[in-house]
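Mind assembling these two chains? They're in different frames, but the hints should get you there.
As given, the protein sequences belong to chains A and B, one line each in that order. The numbering used here puts the first residue of the first sequence at 31, with every later residue one more than the last. The numbering used here puts the first residue of the second sequence at 11, with every later residue one more than the last.
No wet-lab data here; the hints were simulated from the structure. One should not assume that every hint holds.
[To be verified] Here chain B is said to cover these stretches of chain A; the calculated rule only asks that three of the stretch's residues, wherever they fall, bring their Cβ under 8 Å from a Cβ of chain B:
#1 111–125
#2 145–151
#3 251–265
#4 337–350
#5 484–497
#6 543–553
C-beta atoms are modelled at their ideal positions from N, C-alpha and C, and glycine is treated no differently.
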Amino acid sequence: MTDVLEHAAAEGHSHDEHGHDEHHGPSGLLKWLTTTDHKIIGMSYTITSVIMLVVGGAFAELIRIQLMSPNGTLVNYAQYNELFTMHGSVMIYLFAGPFAFGALANFVVPIQIGAPDMAFPRLNALSYWLYLSGSITMLLGFFTAGGAANFGWVGYAPLSNAANSPGAGADLWIGALLLTGFSAIFTGVNLVATIFYLRAPGMTLFRMPIFTWNLLVTGILILLAFPVLTAGLIMLFADRHFGTHIYEVAGGGVPVLWQNIFWFWGHPEVYILALPFFGMTTEIISVFSKKPVFGYKGMVFATLTIAALSLGVWAHHLFTTGTVLLPFFSIMSLLIAVPTGIKMFNWIGTMWQGEIWFSTAMLMALGFVITFLIGGLTGIYLASPPLDFFAHDTYFVVAHFHSVVMALVFAGLGGLYYWGPKMTGYLLDERIGKSQFWLTFIGAQLLTFPMYILGLKGMPRRMANYPHDPQWKFMNDLSSVGAFLIGIGTLLFVVNIVYSWKRYPAGDNPWDAGTLEWFTSSPPPHHNFYRLPQIRSERPTWDYNHPDKKALAHGHAAPEGNH
Amino acid sequence: MKLEARILLLLGLFFGLMVAVYWPWSHETGGSIMIFAGMLLGFLPGSYYWWWSRRMAPRPEDRDDGSLEEGAGVIGSFPGSSIFPFTLGMGAFCSVLAMVFGIWMLIPGVGLIFWALTGATAESRRSGEH
Numbered sequence: 031m032t033d034v035l036e037h038a039a040a041e042g043h044s045h046d047e048h049g050h051d052e053h054h055g056p057s058g059l060l061k062w063l064t065t066t067d068h069k070i071i072g073m074s075y076t077i078t079s080v081i082m083l084v085v086g087g088a089f090a091e092l093i094r095i096q097l098m099s100p101n102g103t104l105v106n107y108a109q110y111n112e113l114f115t116m117h118g119s120v121m122i123y124l125f126a127g128p129f130a131f132g133a134l135a136n137f138v139v140p141i142q143i144g145a146p147d148m149a150f151p152r153l154n155a156l157s158y159w160l161y162l163s164g165s166i167t168m169l170l171g172f173f174t175a176g177g178a179a180n181f182g183w184v185g186y187a188p189l190s191n192a193a194n195s196p197g198a199g200a201d202l203w204i205g206a207l208l209l210t211g212f213s214a215i216f217t218g219v220n221l222v223a224t225i226f227y228l229r230a231p232g233m234t235l236f237r238m239p240i241f242t243w244n245l246l247v248t249g250i251l252i253l254l255a256f257p258v259l260t261a262g263l264i265m266l267f268a269d270r271h272f273g274t275h276i277y278e279v280a281g282g283g284v285p286v287l288w289q290n291i292f293w294f295w296g297h298p299e300v301y302i303l304a305l306p307f308f309g310m311t312t313e314i315i316s317v318f319s320k321k322p323v324f325g326y327k328g329m330v331f332a333t334l335t336i337a338a339l340s341l342g343v344w345a346h347h348l349f350t351t352g353t354v355l356l357p358f359f360s361i362m363s364l365l366i367a368v369p370t371g372i373k374m375f376n377w378i379g380t381m382w383q384g385e386i387w388f389s390t391a392m393l394m395a396l397g398f399v400i401t402f403l404i405g406g407l408t409g410i411y412l413a414s415p416p417l418d419f420f421a422h423d424t425y426f427v428v429a430h431f432h433s434v435v436m437a438l439v440f441a442g443l444g445g446l447y448y449w450g451p452k453m454t455g456y457l458l459d460e461r462i463g464k465s466q467f468w469l470t471f472i473g474a475q476l477l478t479f480p481m482y483i484l485g486l487k488g489m490p491r492r493m494a495n496y497p498h499d500p501q502w503k504f505m506n507d508l509s510s511v512g513a514f515l516i517g518i519g520t521l522l523f524v525v526n527i528v529y530s531w532k533r534y535p536a537g538d539n540p541w542d543a544g545t546l547e548w549f550t551s552s553p554p555p556h557h558n559f560y561r562l563p564q565i566r567s568e569r570p571t572w573d574y575n576h577p578d579k580k581a582l583a584h585g586h587a588a589p590e591g592n593h
Numbered sequence: 011m012k013l014e015a016r017i018l019l020l021l022g023l024f025f026g027l028m029v030a031v032y033w034p035w036s037h038e039t040g041g042s043i044m045i046f047a048g049m050l051l052g053f054l055p056g057s058y059y060w061w062w063s064r065r066m067a068p069r070p071e072d073r074d075d076g077s078l079e080e081g082a083g084v085i086g087s088f089p090g091s092s093i094f095p096f097t098l099g100m101g102a103f104c105s106v107l108a109m110v111f112g113i114w115m116l117i118p119g120v121g122l123i124f125w126a127l128t129g130a131t132a133e134s135r136r137s138g139e140h
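Okay, chain B solo, but in the shape it has when bound (with noise of 0.2 Å):
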């Protein structure tokens, strides 16, 4: 975890230098404003990263002699299949082509989404029981 901070940190060092040289030389505020927000990006998730590093012992995946037995065990909850990313894309789209062919579109659109997003919750607190 250490070694991931590391990289995200040490990407926002770089975006603020560059944005500490770019904007007193260009006073230009766009790409200013915009460089800055790449140091924040590299700083946020960064930051916190270095934060649990520090609170946990490494992973076996961060360990050079990290061994599968270590590994075994439950490691997470994947959805063997759901219809919801395919409903909340057509939702998607339809909202998008409400924008070119008529505010109509937005109807099955939202309701697309809508069913999606109460469908996928509604499976996320199913997988628990199995």
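Chain A with its partners taken away, still in its complex shape (with noise of 0.2 Å):
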């Protein structure tokens, strides 16, 4: 079945509604099987994210739980190292990578440039279906007889070798990464082609949501380091199973190019993550100030120089190695915080004298600058050789990469909170978002604070149990307590969507936001637009709804006669 697509009529030109917008196929379960509407595919994956996102945060209360006593007998030790395992690869391959590029990517991207879909709208629906199998693979791992995968979400050689992680848990481990790999492969190429070939007439790349630009720029990295990650995976499946010895010295192999590897693709990742959620972020923080995005041209080359330096930093991982040229990765990852700073400076500079409104989804994204401010500093510390020499596999870096991702987590909340509304249609709850807002962020920063003090003393991480000692003791059970706050906000987030189910309509454009997305209908219709309005700005709705207020061009007067 296919629909031939013509451009959405210009603004005053609407013509004749039939032919692109009734869509007649198939309903209930088989047309979730067969979509390829990148809208029902946004919130597939939105859905199945944050499900992840729910498992991966169970593993960590049961952690937490487990950490509270210093000889805690709530696991056993190979239980432990199941359960930091999956908790790592679920949060990050399976919640917070698809929900970065896949879910409100997915679905706002197409709508923010004018399009009608993704570019390749089947191998979209592949992507979903090739991330869902691959959920289903990880966790299987718990069903089989050896457990889950146990050498922590990083698999490093040698622990990842058959010798040392027989069964089936870690061979589950592998494919489900090859299947999700894929799946990203696919909607990195999808992102770049729908920008590239499928925007508005106007929308120039300079026009676009600095949103968009962020997902371009995400698409281009999952480009570069997916592949490596696949074929490293294959190298480790063949040592395990065929004989080979890539990551084994006794065949003559190094074990340390696996750590290679595994970073090169790891840290672009962690950019990945958080370029779109960046992106989120700037969105939000423009729209609920009132103002266009301060420094829109360097939010665009932060965003670029953040993803170019991104390639040059994976071995500040394997400091403590030995093997690695430490003055070139030290200078490399110092300098990421300079396009890192200008986008802080930026988002503040957004917010500097605008009307500010704290709704939540203002809030989360607050939150996410102060715990992303906070995750970048410490990051910067890891970055200096003997600093981290000191520091490395305690639980300074656990805390480190908790602020960072938790960071993350505001953001994606926030955009919840923001883009929700033109998914379903309904506006969620403000008060069960508020609380559920400042119990998160308590108990974020409750969660990491004791962490890097403990780390700071020496704490190792992926231990079971620790040393009798008040202080360690005092220190986790305060970190517990800033898990089960944040257990308990993300319940709220759950109680909010079934209290707010179909109980407040949210119209076209709640926010009075001006990027394209609030144009249509919310939820937009199949192929998203009746209408388009002219687009000479960044924030073409805003143009349209304020016709005496235009947006001006990054600082130039709008050019004349042109509406």
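Given below as structure tokens:
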């Protein structure tokens, strides 16, 4: 079944609406299985990845219960290894990544550039099915005799070889990453092709919303990074089953090669996760400050610089192996602070003298800025080899990246509160949302601050038990309380979805936002638009709704007479 | 199209400079090859887009004054719904499980993939007729 699609009519030239909006296809379960609509795929991604967030969060709560006492007995050592491995794996591979470039990106990017769908709708659907089956594959590990993978989410050789990690769980982990890896590569192809080829007339690259810009750069980064991981995993599987010795000293291989390959994917992956959330934050801060993005071009160049630098920093994860060029990787890692600082400056500049509306989405975005600042600054410490030698493999590192990823969770929740009304047509409750924000925000800081101190005192990562020391126990208890607060916050989010179900109709543009997705209905029709406004700035909907206060094109006066 | 080309070429140039510094300084093969490949990923599509951008008029979406009327007309053929992404995905799922649960899983795996590939190809061929 195929629709040959025409561009939505120009504003004021709206012609017969039949032909491109009425879509007669299968319904019910078959509709879900056969859909190629980026909006339904985006919704499926969102729901699946939020379920994965809850699953990974449950593992985290179990870990924190175990650590409330120095000799906790909730799980044994082997189970603890499975728990922290699967917590990390589920959160990074199955929640953060797919949520970043699959969920809101899939839904919002085509609408923000005025496109009817992604460039390759069937490939897009395939991405989702690979992601879903990859998620199931990874979790199947718990039902095998040897349990799930237990070598940490980084799967370092030689711990991950056949002798040290026998059993099906490890193979399922590898298989899951192959599936989700291909899913990510296809999504990357789709994002780049969509943004290069399906923009509406007048939507030049420098009129795209920052969110779409960041997804373009994310798409390119995916294409640079993910194939490396996939190749590395195939070699790991060959080592485990086909008798090759790529990562084994015994046969002349190099174990540290796995670390190089893994982090050559792994560090760009950090920015593949972060850039979409940077974009969400930029959109939210701009809309709820009632101001255009401050330093739009600076923001774009910062994004591109981060992406370029991110490919040259991977070995700062292996400073302590003694086999890497310390000054090169230290300089490159420290340099990333510059474009990130530009972004921080621009977010503050966007809020400066704005009419700030502290909605839940805005609070979440502010929570992102603060928490990411903490995570980013402690990252600068770790980019310095002498400090990294001291803090490596301690809770300081754990605290650093939990500050970073909790910041991303804030941005993601902000994105759901902001774009949720567009996806469903209904607003979420603001009171429950704000309670959720404060619980999660206090919880996140309470989770990480004791970890920083514990790390500096020398508590190693990935330990089920730790030495008897009243101070260590107190710090771990505080951290666990923080984790429980985050858990309650997440439950509140579920409560909010149930409570707000079809309660507050959103209308087309509940936030008076300026980008193109707020021009169409909520939820948008099949193929997104009945009509489009003329696109003369990066805020076409704002120009249409506020003809007296047109957005200026990056500091220049808008040209006359083109509306 | 020029700007798209420029982004990719600049990324390629940056990775080229990076490998020019990194390889002589570290003599580390794996990382150098990976950055070099990153450079190619910038240069190959970038130079393709550059080549095209010099041979075509700027598209309405490349011009500040592009109007919606210019973009009117058919922009492409979009499948409304298709079962084949699902069957292809399930075929890949079975094939990956074959790595763990036994080679027999390849029978449904390869079967589903074959069905999906032939089906999707036939579906694409039909789309021209509408």
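To see whether the hints hold, each was checked on the structure:
no.	hint	in the structure
1	111–125	violated (count 0)
2	145–151	holds (count 3)
3	251–265	holds (count 3)
4	337–350	holds (count 6)
5	484–497	violated (count 0)
6	543–553	violated (count 0)
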